[in-house]
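Asks: Chain by chain, the residues:
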Amino acid sequence: AQKVTQAQTEISVVEKEDVTLDCVYETRDTTYYLFWYKQPPSGELVFLIRRNSFDEQNEISGRYSWNFQKSTSSFNFTITASQVVDSAVYFCALSEAGSGYSTLTFGKGTMLLVSP
Amino acid sequence: NAGVTQTPKFQVLKTGQSMTLQCAQDMNHNSMYWYRQDPGMGLRLIYYSASEGTTDKGEVPNGYNVSRLNKREFSLRLESAAPSQTSVYFCASTPRRGQGEQYFGPGTRLTVT
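Protein sequence lines correspond, in order, to chains U and S.
The numbering of the first sequence is this note's numbering, which starts it at 1 and goes up by one.
The numbering of the second sequence is this note's numbering, which starts it at 1001 and goes up by one.
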């Protein structure tokens, strides 16, 4: 079974629209970390955020915000007033205490296309 | 700081040829990783090295070998390349395994014909 599910394969929006990227995870550990990464068309992977399982506060960074809900095992990512430069593939990832935090398990990614 | 560097950036191999992908980091990180990225599959872990002197298999280790040469360098070897190994390969490192964000190299695009 997938440990990290990003059900949205591709999302297309028009500039200035708000968009939410979904991430649902599965773990038996009570202690874990969740991450979001961005992969723009140039190909590099850029770290966006890390959240530990004990911190359910939502976080906002400029136009980006993250909603962590342990009750639904979700860690969703919202971009407000999207811009063309937001076009990228976005990956959600999980690191678990049970594995000694040795590895990250990535979702399959959501491709976001923002058109002018 | 160069961060994580990978060589080569592009490579074309014929089936059965061997090659080594090189990765180095200058951030004094303990843990290093090799991933492959295929369309629609996300990033899948091939091998990792939690610390200098140790290596472990990831999700898709078959057909690959690794060497943690020292704290800085972690190489990935394909002994007999197959078309199924056509992919983009990323190396990553982290100072605190799993708890910290991973820093990624620019990737190597490998085509096996």
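Some hints here could point you the wrong way.
[As the list claims (entries may be wrong)] Pairs of lysine-lysine, BS3-like flavour, derived with a Cα cap of 27 angstroms:
id: 1; chain 1: U; residue 1: 16; chain 2: S; residue 2: 1014
id: 2; chain 1: S; residue 1: 1057; chain 2: U; residue 2: 108
id: 3; chain 1: U; residue 1: 16; chain 2: U; residue 2: 108
id: 4; chain 1: U; residue 1: 38; chain 2: U; residue 2: 16
id: 5; chain 1: S; residue 1: 1057; chain 2: U; residue 2: 3
id: 6; chain 1: U; residue 1: 38; chain 2: S; residue 2: 1014
id: 7; chain 1: U; residue 1: 38; chain 2: U; residue 2: 70
id: 8; chain 1: U; residue 1: 3; chain 2: U; residue 2: 70
id: 9; chain 1: U; residue 1: 108; chain 2: U; residue 2: 3
id: 10; chain 1: S; residue 1: 1014; chain 2: S; residue 2: 1071
id: 11; chain 1: U; residue 1: 70; chain 2: U; residue 2: 108
id: 12; chain 1: U; residue 1: 3; chain 2: S; residue 2: 1014
id: 13; chain 1: S; residue 1: 1071; chain 2: S; residue 2: 1009
id: 14; chain 1: S; residue 1: 1057; chain 2: S; residue 2: 1009
id: 15; chain 1: U; residue 1: 3; chain 2: U; residue 2: 38
Bear in mind the hints are in silico, worked out from the structure with no lab data behind them.
Everything numeric in this text was worked out from a predicted model, so none of it was measured.
Asks: So which hints don't hold here, by number, going up?
Replies: Those not satisfied are hints 1, 6, 10, 12.
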